[in-house]
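Trainee: Now for the letters of each chain:
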Amino acid sequence: MAVRTRGRDVSPGVEALLDARVVSVGVWLFLAADLFFFAGWWFAFFYLRALNNNQAWMIQGLVRPNRGFGTVVLILAVLTALAYFAASRTPGRGSVFRLLAPVSLVLGIAAVLYQGYGMWHLGFGLTDGAYPSVFSGLTGSWLVQLAGAVAWLATVVLQAGARGDTLARPHSATSFGWILLFLAAVGIINYFLLYFVA
Amino acid sequence: MVTAEHVSERRLSIPNNPITGVLLAIPAYFAGLWLGTLFGLNDDANTGIILGYTFATVAFLIGVGFLNYPLERLFGWRVSPISDPEENRGIGRFFRLSLDHKVIGMQYLVTILIMLLFGGIGAMLIRSSLLSPDSSITPPGQYIMLIGLHSVMMIFITSAVIVGPFGNYLVPLMIGARRMAFPRLEALSFWLVPPAAVILAAAAFWGGFPTGWTGYPPLSEQAGQGMDSYIVGFALIGLALIVSGINMLATIITLRAPGMTWTRLPIFVWGIFTTSILGMLAAPVLAVALVQLAMDRTVQTSFFLSANGGSNYLWQNLFWFFGHPEVYIFILPAFGIIMEIVPHFARKPLWGYRTGVVGLFGVALLSWFVWQHHLFVSGIAPVLRPFYMLSTELISIPTGIIFLVTLGTLWRARVWFTVPMLFCMGFLFNFLIGGISGVYLSDVPTDVTLHGSYFSMAHFHYTIMGGEIFALMAACYYWLPKMTGKMLSATIGRVHFWWMFIAFNSTFFPLFIAGILNMPRRVSSYDPALQGLNTWVTISAYFLFGSMILFAGNVIYSLFFSARPALANPWHARSLEWQLPTPVPAYNFERVPMIVGGPYDYGVPNARPVADLGGLVGVTGGG
Ligand SMILES: [Cu+2]
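Which chain is which? The protein sequence lines are A and B, in order.
In terms of my numbering, the first sequence has 92 at position 92, counting the first letter as 1, and numbering is strictly consecutive.
In terms of my numbering, the second sequence has 258 at position 60, counting the first letter as 1, and numbering is strictly consecutive.
Quick caveat, the hints were computed from the structure, so don't treat them as lab data.
There could be a bad hint or two in this list.
Computed Cβ-Cβ distance ranges for the label pairs, DEER-style [said to hold, decoys possible]:
1. 162/A x 236/B: 43 to 49 Å
2. 75/A x 566/B: 33 to 39 Å
3. 35/A x 747/B: 44 to 50 Å
4. 229/B x 102/A: 31 to 37 Å
5. 416/B x 43/A: 18 to 24 Å
6. 644/B x 75/A: 55 to 61 Å
7. 812/B x 89/A: 37 to 43 Å
8. 812/B x 75/A: 40 to 46 Å
Bear in mind the structure is a predicted one, so any value in this text is a computation, not a measurement.
Backbone N, C-alpha and C fix where the C-beta goes; we use that ideal spot for every residue, glycine too.
Full structure from sequences and hints, please.
Mentor: As structure tokens, then:
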């Protein structure tokens with residue numbers, strides 16, 4: 001980040017330590033906020049499922065979304081997060097990062113494209129009751145966030161060069177790993193709710 | 199010496215400012231509108247309108263300059279339109295994207311005061327139409343539109359009116375920091391507010407929306423295209439609450455000066471801290487509800503349609519899970535202001551500082567467990583009522599603690615009755631009435647009859663206007679000398695206080711009676727027997743509006759005509775922000791301050807000054 005305190009009395013080393021703490025705390029705060037976001041969706045899931053108004057939580061003969069499809073997306077998302085997390089232990093430096101970060105990016109793009117494709121081929125209409133509503137809203141919200149995270153991941157990979165930000169602020173790249181892990185964890189919960197519990 | 203910094207080499211060819219933003223936003227709106235029609239949904243163009251508002255907002259933010267940093271990261275373009283605060287001290291910095299928390303504070307203040315004018319005009323139109331007991335002055339459809347616009351505009355304002363201007367400006371100064379943790383997020387939280395206000399106002403072109411600020415389905419699903427303004431505008435404010443909350447919390451946690459221990463933190467900062475927790479965690483839940491409403495209105499899902507498996511209770515639960523913490527987002531920073539200002543003018547230590555902090559956290563914590571008190575008459579299971587009644591009543595305990603802390607500080611003090619102090623006294627009076635009337639509404643037996651009446655309307659105006667806005671006024675008179683370098687006229691200020699105080703109570707107290715006499719909210723006609731009462735209220739409301747005009751006049755007169763320069767510390771206060779010169783230097787502290795004393799140690803034997811501003815070398819971070 002180009003914003004500095006411009007201290008006349010602050011050494012760059014101390015500045016970097018402080019920046020690391022700021023970014024790390026910021027990421028955890030963001031994850032807390034995002035947890036409440038997905039918790040809102042999970043509440044909607046259980047609430048409408050329990051109410052089953054007009055027997056229309058899942059109308060008779062509803063074609064369920066393909067479970068195999070969901071499994072592939074989930075595996076891609078989890079691998080994205082794990083690959084990046086492993087890479088981000090040595091951000092910018094070392095062969096591990098150079099190898100795994102681009103791999104993670106490719107996996108992430110695949111997850112987004114595959115899930116995006118799936119959203120157009122749900123097998124049911126959005127008007128077909130409450131479960132299709134929750135499925136599309138929850139999966140869509142997750143997809144949008146995953147796409148945003150993958151876009152940021154692209155900047156992290158592109159900035160991994162000699163003069164780049166990833167090298168200058170490795171702690172930022174490290175903290176970002178938690179966001180991908182969080183989204184993967186949410187993906188796992190969603191997967192069980194939408195494909196099994198429902 | 200500037201630390202290693204990439205100097206801008208290449209600039210984006212478009213100049214970044216709000217005019218560029220507007221010029222980009224207009225075609226973006228029509229692009230969204232066009233894209234929406236492509237889907238060919240039978241949705242009365244709602245898809246296009248929502249996409250249009252969203253695209254326009256994004257385009258506006260790009261025009262202002264928010265895309266530059268991502269572009270820099272992606273392509274290595276050195277686009278850096280944000281000039282260094284040290285170099286740019288001109289008036290132009292207030293009209294552009296700035297990462298200086300002091301500039302952002304002033305941008306917030308001016309923007310929100312302008313919005314307040316429009317919200318106030320809405321209130322005057324509402325009161326004017328109530329001069330007649332039938333709907334002859336304003337037809338019902340237009341009346342409900344006024345209610346919607348006034349209420350949501352005021353919610354936007356009150357969500358940010360203290361945290362935005364005063365939180366952003368003062369928190370770094372009060373904790374001994376040179377900047378915020380996330381200046382870009384801080385700037386984003388501000389630049390989301392003008393688009394939200396414009397999008398909300400655009401509802402008027404579509405006939406407004408009929409739901410008030412609560413947006414209940416099924417009405418909000420059947421409503422016309424004005425409802426889309428509610429959805430997008432509220433979502434933008436929700437986003438602003440989240441990013442502002444993250445930035446404030448990260449700043450207070452990580453950027454405190456050495457020696458600024460948690461127990462030396464000014465109580466106003468604690469108010470901002472607790473309100474930021476609420477904003478950051480509650481607004482995401484609102485976002486879920488708004489996404490669902492938008493989907494129901496566009497792609498025809500059925501989150502809230504019971505015939506198709508949905509439930510309007512889903513909205514009520516999600517909305518109020520956000521909505522009740524939201525009202526504490528309004529009031530916690532106001533509590534902070536009151537507890538902050540009173541010790542300085544009582545010239546006594548804040549009585550029970552730690553207890554006061556516990557009170558703030560108690561309110562913040564309990565606010566998550568009360569939301570169903572808004573559903574007492576919605577037909578929820580009766581077994582749920584006692585729990586939510588009790589949890590709501592419990593909130594009066596931490597609130598009472600905050601009152602006792604303030605009163606204990608005043609006890610046996612020789613009070614200096616400055617204008618800010620008068621507004622603090624007004625706050626205590628008004629909020630006492632507002633708070634106690636709230637206890638009646640938390641009780642199921644009384645709520646069943648008072649729900650939806652002017653009693654609850656009077657209650658929340660006593661807390662929000664009598665509470666938060668009076669605290670806002672105290673903050674303006676107290677801190678504007680530091681922020682603007684000019685003293686506000688105390689003579690006009692005293693007239694303003696008494697005028698506003700009397701007019702406020704004359705306006706809203708009779709509405710408790712109107713509510714007990716069963717006058718319903720949001721309805722343009724009422725029992726003709728209540729016309730005298732309503733005429734009294736309307737005339738009082740005109741006076742109340744006049745007092746706000748007097749305030750605006752005082753600000754303009756004091757800043758531009760009387761031009762009485764403010765001393766660096768006109769109140770002889772101990773706290774850190776007053777130890778800085780006026781105007782505050784670009785990076786606040788020449789050297790990292792070493793905090794050695796508490797902010798409220800008035801009359802404490804051997805009390806040390808609050809900070810050693812001579813500074814240390816190479817030390818940062820919290821204590
Ligand atoms: Cu409430």
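Trainee: Could you tell me whether the CB distance from residue 229/B to residue 102/A stays inside 31 to 37 Å?
Mentor: About 34 Å separates the Cβ atoms of residue 229/B and residue 102/A, which means 31 to 37 Å holds.
Trainee: In this structure, is the beta-carbon distance linking residue 162/A and residue 236/B contained in 43 to 49 Å?
Mentor: Once the Cβ atoms are compared, 45 Å apart, the range 43 to 49 Å for residue 236/B and residue 162/A holds.
Trainee: Between residue 35/A and residue 747/B, does the beta-carbon spacing fit 44 to 50 Å?
Mentor: holds (45 Å)
Trainee: Do residue 75/A and residue 566/B keep their Cβ atoms within the hinted range of 33 to 39 Å?
Mentor: holds (36 Å)
Trainee: Between residue 812/B and residue 75/A, is the Cβ distance one that fits in 40 to 46 Å?
Mentor: violated (59 Å)
Trainee: Are residue 416/B and residue 43/A spaced within 18 to 24 Å by their CB atoms?
Mentor: holds (20 Å)
Trainee: Cβ-Cβ distance between residue 812/B and residue 89/A: within 37 to 43 Å?
Mentor: Since the Cβ atoms of residue 812/B and residue 89/A sit about 41 Å apart, the hinted range of 37 to 43 Å holds.
Trainee: Between residue 644/B and residue 75/A, is the Cβ distance one that fits in 55 to 61 Å?
Mentor: This hint holds: roughly 56 Å between Cβ atoms.
Going through the hint list in order, the structure does not satisfy hint 8, though it satisfies all others.
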